[in-house]
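Residues 1 to 53, numbered by our numbering, are exactly what the sequence shown covers, in order.
One thing to keep in mind: the hints can contain errors.
Claimed, not checked - Restraint ranges, calculated between C-beta atoms of paired labels, are given here:
1) Ala20 - Thr42: 28 to 38 Å
2) Ala45 - Asp24: 40 to 50 Å
3) Gln41 - Arg9: 12 to 22 Å
4) Arg16 - Thr42: 18 to 28 Å
5) Pro49 - Gln19: 23 to 33 Å
6) Gly44 - Arg4: 14 to 24 Å
7) Gly44 - Asp24: 45 to 55 Å
8) Thr42 - Thr8: 18 to 28 Å
9) Gln41 - Thr8: 15 to 25 Å
10) Leu2 - Ala45: 34 to 44 Å
Because the hints were derived from the structure by calculation, they are not lab data. Every residue gets a Cβ at the ideal spot worked out from N, C-alpha and C, and that includes glycine.
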Amino acid sequence: MLIRQIVTRPSPDSFRFEQAFSADGGKTWHANWIAIDTRIQTPGAPTLPRATA
1 MLIRQIVTRP SPDSFRFEQA FSADGGKTWH ANWIAIDTRI QTPGAPTLPR ATA
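Build the full structure now, drawing on both the sequences and the hints.
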């Protein structure tokens, strides 16, 4: 069983994570976890520095 994880940066304030597995040596992949995390600013909260690419 092969497992791959891909992290991309669709915008300065978000990350996309995808995990997939392959049971045939990497010929086909089946995603079993996709997450998109987005930074939000809460009113009154301290401002966090933005990550740079």
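Here is what the structure says about each hint:
{"no.": "1", "hint": "Ala20 - Thr42: 28 to 38 Å", "result": "holds, 33 Å"}
{"no.": "2", "hint": "Ala45 - Asp24: 40 to 50 Å", "result": "holds, 47 Å"}
{"no.": "3", "hint": "Gln41 - Arg9: 12 to 22 Å", "result": "holds, 18 Å"}
{"no.": "4", "hint": "Arg16 - Thr42: 18 to 28 Å", "result": "holds, 22 Å"}
{"no.": "5", "hint": "Pro49 - Gln19: 23 to 33 Å", "result": "holds, 28 Å"}
{"no.": "6", "hint": "Gly44 - Arg4: 14 to 24 Å", "result": "violated, 40 Å"}
{"no.": "7", "hint": "Gly44 - Asp24: 45 to 55 Å", "result": "holds, 52 Å"}
{"no.": "8", "hint": "Thr42 - Thr8: 18 to 28 Å", "result": "holds, 25 Å"}
{"no.": "9", "hint": "Gln41 - Thr8: 15 to 25 Å", "result": "holds, 22 Å"}
{"no.": "10", "hint": "Leu2 - Ala45: 34 to 44 Å", "result": "holds, 41 Å"}
Hint 6 from the list above is the single one not met by this structure.
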